[in-house]
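Sequence lines, in order, name chains B and R. Take the first sequence: its letters are residues 2 to 234, numbered as in this note's numbering. Take the second sequence: its letters are residues 2 to 234, numbered as in this note's numbering.
Treat each hint with caution, since some may be false.
The list treats identical chains as interchangeable, and a pair is accepted whether it falls inside one copy or across any two copies.
[Said to hold, decoys possible] Derived SDA-like pairs (lysine to any residue); straight-line CA-CA distance at most 20 Å:
{"no.": "1", "residue 1": "K159", "residue 2": "T109"}
{"no.": "2", "residue 1": "K57", "residue 2": "E128"}
{"no.": "3", "residue 1": "K145", "residue 2": "Q8"}
{"no.": "4", "residue 1": "K141", "residue 2": "L226"}
{"no.": "5", "residue 1": "K48", "residue 2": "G144"}
{"no.": "6", "residue 1": "K34", "residue 2": "R139"}
{"no.": "7", "residue 1": "K48", "residue 2": "D75"}
{"no.": "8", "residue 1": "K57", "residue 2": "K145"}
{"no.": "9", "residue 1": "K132", "residue 2": "G17"}
{"no.": "10", "residue 1": "K145", "residue 2": "M74"}
Derived from the structure by calculation, the hints contain no laboratory data. In this text the structure is predicted, and so the values were computed from the model without any measurement.
There are 2 protein chains.
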Amino acid sequence: MTTPLPQFYDLITSGGEALSPWCWHARMALAHKGITVERHERCFTQKQELIDKGGKSFPLLIDSDGSIHADSMDIILHLEESRPLPSLFPGGTATLAAYRFMHRYVQTILFPTVVSIILVDIPDTLEGDDKAYFIESREKRFGKSLAEVCADRDTALKTLSVQLDPFRKAMANGGYISGDAPAMPDYLLFGVLQWARVVSPVQLVEADDAIAAWMERMLDLFEGLGRTAAARG
Amino acid sequence: MTTPLPQFYDLITSGGEALSPWCWHARMALAHKGITVERHERCFTQKQELIDKGGKSFPLLIDSDGSIHADSMDIILHLEESRPLPSLFPGGTATLAAYRFMHRYVQTILFPTVVSIILVDIPDTLEGDDKAYFIESREKRFGKSLAEVCADRDTALKTLSVQLDPFRKAMANGGYISGDAPAMPDYLLFGVLQWARVVSPVQLVEADDAIAAWMERMLDLFEGLGRTAAARG
């Protein structure tokens, strides 16, 4: 009997581009460990299918042993435990602790800033029910229109530049946020900037920013995995 | 010939309490490595003495070999290079990169919030010329009175609680920001909270906050080194 491939449920735009930052975290982690998955492309309005399978939202990983991993952090920790090498957290518990720090920073501080720049552009990448669902659910979540969420992009871009500075400092140490080679902290920021790259024409960082050069290197990883989703900008 | 002890210049209040967050970073790093220093207590108005010795500001370390290390990051990197064990960055380059991230986060995001809570309390810990120097130099730096910098403490305390959340997540991994045992990332946050503890009666975190329990453990380290400076609260 052949072991079934892990099943990975990914979120796409109506044009077929993988967009979710959290899905990209997981995809990069899978690629880092050289794990081949059967990838299922799903739209926003197909989320219920993931919930029916035991998931919560995008991404969902059902591993070869049938175990269900229902958000990106769960997926990442499961991959690290089940296939320790190459490690997503080289350096051990201290690095995992630092990753939890960075992850929370991205979730609560950096991500909301990026939202206030690109949210209004997302409906243009969606069609029909998906577009209606996205607008309605986000207007409900934020309590205002998407245009109002993104009403002051110029200020948000300046805030973002400051908020990216800790990442710039980290990569000054060896070219990557993780030091000499990319690891989970790099995939963390990559996911967010990749999301922006796919859904919005706005350039989040200037061309001469160290982050821009790093992003190109990240897009080159794993035979250009990140470039399989087209940039909108 | 006996090797001279490293010379460490530390900043104190008029009451003799070591207050500088950056000096505390370096002191905790020295203690972590078990390095005995000759410690020189100096006031704000004695800064020129440090500059004359080749420093920039507080802290200043003149090592046994005569080498001069003129800010806390320089001191820390020098200690790690000259006395590798026990490491301040267990896990190697990935952990050092993560530390640079956290350090920048503290410098540019968390520290300014703490300033907007406690700055106005600092003159009460100073006397005479030191007090006058502090008020004048800070009013010039901020372009307003210290009371104006701290005009909305309640909002700043709420902001701080959110900004501490990445640290809470990191310490959930093993009790310390660095995982299972304290290391430089712990001394980083400790320095800032210790500064607040010494100069201000305001409690920055609630008693039931995980940060409060962690701070007590940090104050116990190295035979209660942190407790050698009295709390003002």
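Hint by hint, here is what the structure shows:
1. Taking the shortest Cα distances, K159 and T109 sit within 20 Å of each other both inside one copy (17 Å) and across copies (14 Å).
2. When the C-alpha separation of K57 and E128 is checked against a cutoff of 20 Å, the pair qualifies neither within a copy, at 23 Å, nor between copies, at 59 Å.
3. Within a single copy, K145 and Q8 get their C-alpha atoms no closer than 36 Å, and across copies no closer than 59 Å, so neither meets the 20 Å cut-off.
4. In this homomeric assembly, K141 and L226 never come within 20 Å of each other (Cα to Cα): the closest approach is 34 Å inside a single copy and 51 Å across copies.
5. Taking the shortest alpha-carbon separations for K48 and G144, neither the intra-copy value of 22 Å nor the inter-copy value of 52 Å comes in at or below 20 Å.
6. Taking identical chains as interchangeable, the C-alpha atoms of K34 and R139 are never at most 20 Å apart, the minima being 34 Å within one chain and 51 Å between chains.
7. Taking CA atoms no more than 20 Å apart as the test, K48 paired with D75 passes inside one copy only; the shortest distance there is 18 Å, against 51 Å between copies.
8. Proximity of K57 to K145 under the C-alpha cut-off of 20 Å is found in neither arrangement, the shortest distances being 25 Å within a copy and 50 Å between copies.
9. With identical chains, the CA atoms of K132 and G17 are at most 20 Å apart within one copy only, with a shortest distance of 14 Å there and 64 Å across copies.
10. In this assembly of identical chains, the alpha carbons of K145 and M74 never lie at most 20 Å apart, being 29 Å within a copy and 44 Å across copies at closest.
Taken one by one, the earlier hints fail for this structure at numbers 2, 3, 4, 5, 6, 8 and 10, listed in ascending order.
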